[in-house]
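Protein chains: 4
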Amino acid sequence: MRQITLISTGGTIEKTYDEHAGTLMNRSSIVQEMLRLLRLEDTQINTLQLMSKDSLNFTDSDRKRIFGAVELLTGEPEDPTGCKGIVILHGTDTLCDTGEYLYKEIKEPTIPIILTGAMRPFEMKRSDALQNLNESIFATGSLKPGIYVVAHGNAHQFPGPVKDRERGTFIKPSEARSTRRNRMG
Amino acid sequence: MRQITLISTGGTIEKTYDEHAGTLMNRSSIVQEMLRLLRLEDTQINTLQLMSKDSLNFTDSDRKRIFGAVELLTGEPEDPTGCKGIVILHGTDTLCDTGEYLYKEIKEPTIPIILTGAMRPFEMKRSDALQNLNESIFATGSLKPGIYVVAHGNAHQFPGPVKDRERGTFIKPSEARSTRRNRMG
Amino acid sequence: MRQITLISTGGTIEKTYDEHAGTLMNRSSIVQEMLRLLRLEDTQINTLQLMSKDSLNFTDSDRKRIFGAVELLTGEPEDPTGCKGIVILHGTDTLCDTGEYLYKEIKEPTIPIILTGAMRPFEMKRSDALQNLNESIFATGSLKPGIYVVAHGNAHQFPGPVKDRERGTFIKPSEARSTRRNRMG
Amino acid sequence: MRQITLISTGGTIEKTYDEHAGTLMNRSSIVQEMLRLLRLEDTQINTLQLMSKDSLNFTDSDRKRIFGAVELLTGEPEDPTGCKGIVILHGTDTLCDTGEYLYKEIKEPTIPIILTGAMRPFEMKRSDALQNLNESIFATGSLKPGIYVVAHGNAHQFPGPVKDRERGTFIKPSEARSTRRNRMG
Numbered sequence: 001m002r003q004i005t006l007i008s009t010g011g012t013i014e015k016t017y018d019e020h021a022g023t024l025m026n027r028s029s030i031v032q033e034m035l036r037l038l039r040l041e042d043t044q045i046n047t048l049q050l051m052s053k054d055s056l057n058f059t060d061s062d063r064k065r066i067f068g069a070v071e072l073l074t075g076e077p078e079d080p081t082g083c084k085g086i087v088i089l090h091g092t093d094t095l096c097d098t099g100e101y102l103y104k105e106i107k108e109p110t111i112p113i114i115l116t117g118a119m120r121p122f123e124m125k126r127s128d129a130l131q132n133l134n135e136s137i138f139a140t141g142s143l144k145p146g147i148y149v150v151a152h153g154n155a156h157q158f159p160g161p162v163k164d165r166e167r168g169t170f171i172k173p174s175e176a177r178s179t180r181r182n183r184m185g
Numbered sequence: 001m002r003q004i005t006l007i008s009t010g011g012t013i014e015k016t017y018d019e020h021a022g023t024l025m026n027r028s029s030i031v032q033e034m035l036r037l038l039r040l041e042d043t044q045i046n047t048l049q050l051m052s053k054d055s056l057n058f059t060d061s062d063r064k065r066i067f068g069a070v071e072l073l074t075g076e077p078e079d080p081t082g083c084k085g086i087v088i089l090h091g092t093d094t095l096c097d098t099g100e101y102l103y104k105e106i107k108e109p110t111i112p113i114i115l116t117g118a119m120r121p122f123e124m125k126r127s128d129a130l131q132n133l134n135e136s137i138f139a140t141g142s143l144k145p146g147i148y149v150v151a152h153g154n155a156h157q158f159p160g161p162v163k164d165r166e167r168g169t170f171i172k173p174s175e176a177r178s179t180r181r182n183r184m185g
Numbered sequence: 001m002r003q004i005t006l007i008s009t010g011g012t013i014e015k016t017y018d019e020h021a022g023t024l025m026n027r028s029s030i031v032q033e034m035l036r037l038l039r040l041e042d043t044q045i046n047t048l049q050l051m052s053k054d055s056l057n058f059t060d061s062d063r064k065r066i067f068g069a070v071e072l073l074t075g076e077p078e079d080p081t082g083c084k085g086i087v088i089l090h091g092t093d094t095l096c097d098t099g100e101y102l103y104k105e106i107k108e109p110t111i112p113i114i115l116t117g118a119m120r121p122f123e124m125k126r127s128d129a130l131q132n133l134n135e136s137i138f139a140t141g142s143l144k145p146g147i148y149v150v151a152h153g154n155a156h157q158f159p160g161p162v163k164d165r166e167r168g169t170f171i172k173p174s175e176a177r178s179t180r181r182n183r184m185g
Numbered sequence: 001m002r003q004i005t006l007i008s009t010g011g012t013i014e015k016t017y018d019e020h021a022g023t024l025m026n027r028s029s030i031v032q033e034m035l036r037l038l039r040l041e042d043t044q045i046n047t048l049q050l051m052s053k054d055s056l057n058f059t060d061s062d063r064k065r066i067f068g069a070v071e072l073l074t075g076e077p078e079d080p081t082g083c084k085g086i087v088i089l090h091g092t093d094t095l096c097d098t099g100e101y102l103y104k105e106i107k108e109p110t111i112p113i114i115l116t117g118a119m120r121p122f123e124m125k126r127s128d129a130l131q132n133l134n135e136s137i138f139a140t141g142s143l144k145p146g147i148y149v150v151a152h153g154n155a156h157q158f159p160g161p162v163k164d165r166e167r168g169t170f171i172k173p174s175e176a177r178s179t180r181r182n183r184m185g
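Residue numbers (our numbering), protein chains in the order written: chain V, 1 to 185; chain E, 1 to 185; chain P, 1 to 185; chain R, 1 to 185.
Hints are computed from structural coordinates only; laboratory data are not their basis.
Every clue listed holds true.
Note: identical chains are not told apart, hence a pair may lie in one copy or across any two.
Here are the computed lysine-lysine pairs in the DSSO-like style, where the Cα-Cα straight-line distance is at most 30 Å: (1) 107 <-> 144; (2) 172 <-> 144; (3) 53 <-> 125.
Quick caveat: nothing in here was measured; it's all calculated off a predicted structure.
Isolated chain V, as found in the complex:
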């Protein structure tokens, strides 16, 4: 039975439609809804609702809290029943900033720590939310210890990955450089 913890911090993944205002707002309990749609065997998922804010508004204090939660969960690496992987649901806009922060703070990760998010809220019919969550949960059992961003079929390890704002996905740093080169050309 693989134990993993899902940490929610907010982001587009949780945006919900407010009928009266006609706008999108953040809502918490969406993680439970998403998990109900996945068939996960021999996996125990703990969920931790840390905060619910747009990552554009994240401060270092927020990142410090996330780091604190990760530290807390990875306290007992030798414990066979302990946490074997962490998935952090994060807004995509500053997800890589948090990835770099965790990479700096966590000298030697003992488990995979995976950041993921969604370009389209889960409440939308066509959303990448469930796909990315699914890949991230799966990845906790196949990636080596480290800090990663997982989405859209890919896993990129920190340091280095960035958000490609045009395409709305995450890319390796080398791809980022060649993209810039092409545009300047």
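Start from chain V and add chains E, P and R according to the hints.
Coordinates of chains E, P and R only, in the frame set by chain V:
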């Protein structure tokens, strides 16, 4: 751009409802429908419709054809643009038999070769088909070369995994032994 | 607040996929699931699970029970809080037989009594089940008292409508005659 | 073959999520998507994209255009192949204003003219858009000639219905009066 090939062989994943007969039958083009629901970046998916039959009816001849397809696709390991992963859609009943067959025939896999299937047809509202396909495609980028079954959040490498018919999922051989022990106890 | 009663008798609408057998079987509680997906204002829906069998196996005894339930529910036509419409979920194969039976037995209907069903089980991704249920519930507020079959955007009053087995829908008797004429032509 | 025309004017029903801005914007082609999800027999649907704006921004000039379109479509009442019903997709905020306007301008309607909309965009997972569209299309075959708003299982004829902003639905004028009475009490 990661190139992977999806080989369809049939199975529950493709079962479709025949209104006139009121029963389920196999239908091919479902893979394209499923892929349309996934957002895969930097991944090129080739699809190969090899056969469309219930795996309960598989013969060694069918397994030999699957092996032949795998050999064909993995012909050029040094080619950077070549096939980097194979996902085989297979009926769950004899998926592990094919897994063992491929394990015996392929001495040194150069890429991940992943078998997956579904307990509930994709055409059903609640189906594990898309989840398992998603995990398998993702896994081609995170697992080491070898033969695997991927489903329900887990990856099990051959030789050894079996189908747990009670739970409708795949388990490692060690878990299989302890399950039998518990039942006999 | 419009009060209507939904009577379930079984049929394709309720067919569910049995993973172990790999076949479709009837299951009851699907009506509640469907109702949860509809947003119905000022309507109170009572549900009555009368039986759960394939309509191909219906006997006159079953039809008599359905008639008995309808009689029971329409006992107090002057009661403003009483039942204002009945929707009967029925297998499509012999739905019209039940419609004719009710037409003969119920001399002067005081409310709309609507039979409906589905060509594809609700559990399938592409199903007409919810659409037909929705139209039928709506129809209880817009049709004059009488016995009807409602499906696929249409309402046909008994006596007369039949199932067009080729197209998998219901048609007026006049259309049935011209279809036969065309085929013989 | 019942001919009906669907007139799109915009509204919440068509709001779509803009990944880059992270907001909702209006998009046209959604009607075709919705129609693909309905199984409508013996019904021919013509679609007319008149405008695509939030109904809060409607002016009398916009309403005049809608009236013009309705007049154009109902020009030949004796023509058996002519338009037998009109469904107008409209923002819910000022839908009733347009209903009253059409009621005043169209002295003697020869077909049902139905206004409908959605409280939640069709692009959201939980949306009333398809349900209301379905009910409205069905209603063109069951309601007497007149101007109506159809949504959430109900049909209300103009003049008189209003939007109940608290509940997010439409109600008859008498219900509106008693609601106010209750609140003042």
